[in-house]
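Asker: Listed below are the residues making up each chain.
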Amino acid sequence: MNIMPTAVIAALLLFWPATSATAMEVAEIVERANKASYYAGDDGRTEVRMLITDAQGRERERQFVILRKNIEVGGRQLFYVYFERPLDVRRMVFMVHKYLDRDDDRWLFLPDLDLVRRIAASDKRSSFAGSHFLYEDVSGRAPVEDSHQLIEESADYYLLDITPNDPGSVEFSRYTARIDKSSFLPVYMEYFDRQGQKYRTVEALAVEEIQGFPTVIKSRVRDLAGGGETLMEFSNISYNIGLDESLFTERFLRRPPREIRR
Amino acid sequence: MIGHKWTLPALKYPRLIIAVMTTLTLALGLMIPRITVDTNPENMLAADEPVRLFHNEVKREFSLHDVVVLGVVNERHPDGVFNPESLTRILALSRFAQELSDPDNPERRVVRRYVIAPDTVDSIEQDGPGQIRFEWLMPTAPTSREEALAVRDRALGNPLLRGTMVSEDGQALAIYLPISSKEYAYQVRRALLDKIAEFGPVDDQYHITGLPVAEDTFGVEMFTQMAVSAPLAMVAIFLLMLYFFRKVKMIIAPMIVALLTVIATMGMLIGTGYTVHIMSSMIPIFLMPITVVASIHILSAFFDKYQESRDRVRTLKEVMDNLFTPILYTSITSAAGFASLALTPIPPVRIFGLFVAFGIMLAWVLTVLFIPAYIMLLKESTLADFGVKGPDRQRQEKVSALDRHLNWLGGFTFKYFRLILILTVVTLGVAALGISRITVNDNPVKWFTEKHPIREADRVLNHHFAGTYEAFLVLESTDQQLSPAAAAQLLGQTLREAGIGPEEKVWAEQAAAEAVAVAAAGDDLEGFFQELETRWEDQLFAAADDVAYDFWATAMNHLVALQGRGEVFKQPEMLQWLIELEEHLIRGGTVGKSNSVTSLVRKVYQELLGGAPGDYRLPESAAGVAQTMMAFQNSHKPDDLWHLVTPDFRKANLWLQLREGDNQVMEQTLADLERFLAVNPPPTALEHHWAGQTYINVVWQQKMVYGMLWAFLGSFVVVYLLMTLLFRSPLWGLLAMIPMTVTIAFIYGLIGFVGKDYDMPVAVLSSLTLGLAVDFAIHFLQRSRMAYDRLGSWLLAKEEIFAEPSRAITRNVIVVSVGFVPLLAAPLVPYKTVGFFIAAILAVSGLATMFMLPATLRLLERRLFKPVRVRGQES
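From first to last, the protein sequence lines are chains A and B. Numbering of the first sequence is given in full-length UniProt numbering, commencing with residue 1 and proceeding in unit increments. Numbering of the second sequence is given in full-length UniProt numbering, commencing with residue 1 and proceeding in unit increments.
Hints listed in this document are in silico derivations from the structure and should not be mistaken for laboratory results. Glycine included, C-beta positions come from ideal geometry on N, C-alpha and C. Treat the hints with care, since some could be wrong.
[To be verified] Across the chosen pairs, the derived CB separations fall in these ranges:
id: 1; chain 1: B; residue 1: Gly755; chain 2: A; residue 2: Ser173; range: 20 to 28 Å
id: 2; chain 1: A; residue 1: Glu61; chain 2: B; residue 2: Phe541; range: 19 to 27 Å
id: 3; chain 1: A; residue 1: Glu61; chain 2: B; residue 2: Arg76; range: 49 to 57 Å
id: 4; chain 1: A; residue 1: Leu150; chain 2: B; residue 2: Asn105; range: 47 to 55 Å
id: 5; chain 1: B; residue 1: Thr143; chain 2: A; residue 2: Glu203; range: 35 to 43 Å
id: 6; chain 1: A; residue 1: Ala206; chain 2: B; residue 2: Asp524; range: 29 to 37 Å
id: 7; chain 1: B; residue 1: Asp524; chain 2: A; residue 2: Ser173; range: 47 to 55 Å
id: 8; chain 1: B; residue 1: Asp524; chain 2: A; residue 2: Glu203; range: 58 to 66 Å
id: 9; chain 1: B; residue 1: Ala544; chain 2: A; residue 2: Val73; range: 48 to 56 Å
id: 10; chain 1: A; residue 1: Glu61; chain 2: B; residue 2: Tyr616; range: 55 to 63 Å
id: 11; chain 1: A; residue 1: Lys181; chain 2: B; residue 2: Asp194; range: 45 to 53 Å
id: 12; chain 1: A; residue 1: Glu203; chain 2: B; residue 2: Asn105; range: 57 to 65 Å
id: 13; chain 1: B; residue 1: Tyr616; chain 2: A; residue 2: Ser154; range: 38 to 46 Å
id: 14; chain 1: A; residue 1: Ser154; chain 2: B; residue 2: Ala542; range: 28 to 36 Å
[Unchecked claim] Computed, partial: chain B to chain A, Cβ under 8 Å:
id: 15; residue: Glu99
id: 16; residue: Pro139
id: 17; residue: Pro638
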């Protein structure tokens, strides 16, 4: 009889955090944010103009089209990135099959070399096409890789403090994400290095509702440590256009599908 | 004689004079704590010097920094440092180093993103068939031998790392730490050494080098030297004077004069806002002998004369009458010699020259006022036994080896004057031969002695790696743009030649016509390409079949190729030419390795193709190069590309690793490049420019050599005019130049024969020679003339000259030259050089004065001493 209350208290202590309202809410915020930013619609197409400005103010441009198809919401996804500019990389294709439970498959097609190469993707913290965006900023970081904590809530947003579960696999020690309550889009993220210095921000500069989906149409990464930034602008965005899964195969790397053109 | 009049205030108000002088000096001395040190050899050139502006521009444009190199070597372990333990320590060091910043000034830090270390570089490699992998080379420490060796092999397989981060023998590893400010190098070195000390005794040897470390460490050690060497020299001079003059109270006076001069001059230098550069740190060492020399002349004369009257006022007046003019002139000539350095194009040398000149004139004022005032303040009893007592003179001469020797010398120079003069001519001839062998060279790392850890690091690391000295060769396209019409014509031509099938011929005509039409619309080349691109792209996506698609894709390729023509460093032929240039430089032997866009493109392309060794080559088209670079830019450090080429691909930077930092090595590299360019012009026009610390050193050195030469010739003329004025005779003027000329010829001849490089300290010594060597000649000739006027013949005059005046000269030579011997123990080579050469200059100019001048006077007696001037007896 004496044992019971102790066991109850122990059980309560053990499960309290997991069953608390806040913890539930955090997981939900994270899940909704993940879906809002990377899984809108069944599929989608967008044209992207990327302006890379380095610390010296020199500008470089990238222009590409992204096709995306969700296989499973919050899970497997297919990406097809077709480069238009700079001109000498036109027709270059970067294709990704994204998985949650294993490393992504990535392909690179280099038209002038007529070469298809798979790229190992154990590390997603590498640059996306020489910009300040990382591969993971574009394709999404799996929520399971981090621990999330709600540190602030206002009428408009949630502020999450996020720490990686495997600190050795990433270059940041933690980051914060401000998530807009109405759209659940992360609109401002700050990354901190191992010394606790803020060195990088990712922000949504403009959000528009397209076909009922709140969509970031302009975003920017700033490199606070080295200077420089990349601005990404999205245009001609459309969702649910009926992309076939077969488009996201090696066969279509050499000659892009017509869906690349509007 | 007017001499003593100037000294009268000192004789009348000695206390006041001493009080005023000491106060003024101490006031100036109060400035000294404000000292700022500048050890940056770049500052040998003015800040707006074109080569420096360009160097800074290159650093900015290609995001380059001054680098501290930490090399790790393990000679015990069979795998070198590529064992788990050593690599674990290296990783710890690398992580530690990446976070370094100056707590007092966070702007001074290690620039983390550009660090080259095993955990900060990407490796590109095969990962199964058809798959490549970009990943950090060593994100965590290896735990097994296999993992450690895999790190080594992956690094060796990357031409950008081989010879740079990992030694070619696979034994050693180097970490490159770019720093935001060169002045932070010493602190980085200290921090690393402290961290290394935490490891305790291990088999790894750690070496830290790189020009910034050498320069910054030199600056720190320079001050230890200033605090040790200069006082040591003073002590030595003090002891020698004590030996000659016996009386501590007397010889304290010249020491005080020297001290006051040095304090006042350095106070003035620092107070007027100048930084203390390597050059100006030598001011005390240069001022001391010059100051002491003048005082010794007075003391020596006083010493010899005092006992004749035992009246210090009378003796002082007499001494000053004799010495005032020669001391004034020696001061003016010495000052002129140093002031002439103001004519050089090198700011620190100018400042050095002007402040030494200032110090010399100050020393003159102090000498003629302070020394007599000081003597006046001494108690009569202190002076009672000072100097050579009259009645004892004859006996003394018998005892004094110096006097015996001088007496002999007087006779010898009289008798064998022809032999002396012949030997002089022979010496000059031999010296000329030596001078012709002088090699102009400098290397800041060699400012440290052989055994210094920095030299050790330099030797070890340059043995293992391709070189720790950097030079940057920047190539820039000067190609002109096409007109839209010319571009349209070129495109049409290419398309018509390419079309094979009937359909393709039709499309080719269509495309060509379109190009001409678009070209006619405007003069803007960029607009032309964009418009045409849009039109052809429509055709591409409207293509009905693969044949059409391929045609328009090809047409687009031609368009892109033409548009990209201005991006010269994407063109395979240009990159191929660059490879040949790099190979030529490496064959030349001075360049250990060239890091450029060519190795990066070839390495990435090789891995894209499958990694076979034979595939280490360039893609065949500019688009191929561009796509290879784009593939590279998906790595962790895409910006590494911009160290090697600008984003417009019109400028390329070759980071050359030189194994030696000698200016000669750099000069040979410059010549090697010119030889290559003469025979192998680039495919399209390029300009080339050099940057990098090793190159800058060459530029200032060239300026210095010629600057010094002109300054020297200039001051030679000035001194000659002064001498002519002093002696009221061009011939006497010429005579006064003899010892100095011979000394300079001898010293530089010696430098040539010994093979000592003509470097910064050596260059500056010519001014010192000018100042010191002419000093003795003035005293000797002035006194000779005075004696001849009285006695009427050189035979008689020489007796007097080879007594008191010669004793002063000899004492000077011995005191000052021996006084500088302690400098030879300095751990910094420029101090050793200066110490040795000051001693040599004193000794040689003393000998030259004592042998050559009497010999010449004997030879030219009738010409030099006009009979009308002879008073009294017939010779």
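Asker: Look at each hint and say if it fits the structure.
Answerer: Going down the list of hints, with the structure as the test:
In this structure the hint that Gly755/B and Ser173/A lie 20 to 28 Å apart at CB is violated, the actual value being about 57 Å. For the pair Glu61/A and Phe541/B, the beta carbons lie near 21 Å from each other, so the given range of 19 to 27 Å is met. Judged by the Cβ atoms, the range 49 to 57 Å given for Glu61/A and Arg76/B holds: they are separated by roughly 54 Å. Against the hinted window of 47 to 55 Å, the Cβ-Cβ separation of Leu150/A and Asn105/B comes to about 39 Å, which falls outside the hint.
Distance hint for Thr143/B and Glu203/A: a CB-CB separation of about 41 Å, consistent with the stated range 35 to 43 Å. Range check, Ala206/A to Asp524/B: Cβ separation about 31 Å, and the 29 to 37 Å hint holds. Checking the proposed 47 to 55 Å range against Asp524/B and Ser173/A shows it holds: the Cβ atoms sit about 50 Å from each other. Between Asp524/B and Glu203/A, the C-beta spacing of about 35 Å breaks the proposed range 58 to 66 Å.
Separated by about 38 Å at the C-beta atoms, Ala544/B and Val73/A break the suggested range of 48 to 56 Å. The hinted window of 55 to 63 Å between Glu61/A and Tyr616/B is violated, with their beta carbons roughly 31 Å apart. Between Lys181/A and Asp194/B the beta carbons are some 51 Å apart, a value that agrees with the proposed interval 45 to 53 Å. Between Glu203/A and Asn105/B, the C-beta spacing of about 31 Å breaks the proposed range 57 to 65 Å.
Between Tyr616/B and Ser154/A the beta carbon distance is about 57 Å. The supplied range of 38 to 46 Å is therefore violated. The hinted window of 28 to 36 Å between Ser154/A and Ala542/B is violated, with their beta carbons roughly 52 Å apart. Because the beta carbon of Glu99/B sits about 6 Å from the nearest beta carbon in chain A, less than 8 Å, this interface hint is met. At about 7 Å, the closest approach between the beta carbon of Pro139/B and any beta carbon in chain A falls short of 8 Å, and the interface hint on this residue holds.
Proximity of Pro638/B to chain A holds as hinted, the smallest CB-CB distance being about 4 Å (cut-off 8 Å).
The structure is inconsistent with the numbered hints 1, 4, 8, 9, 10, 12, 13 and 14, although it conforms to all the rest.
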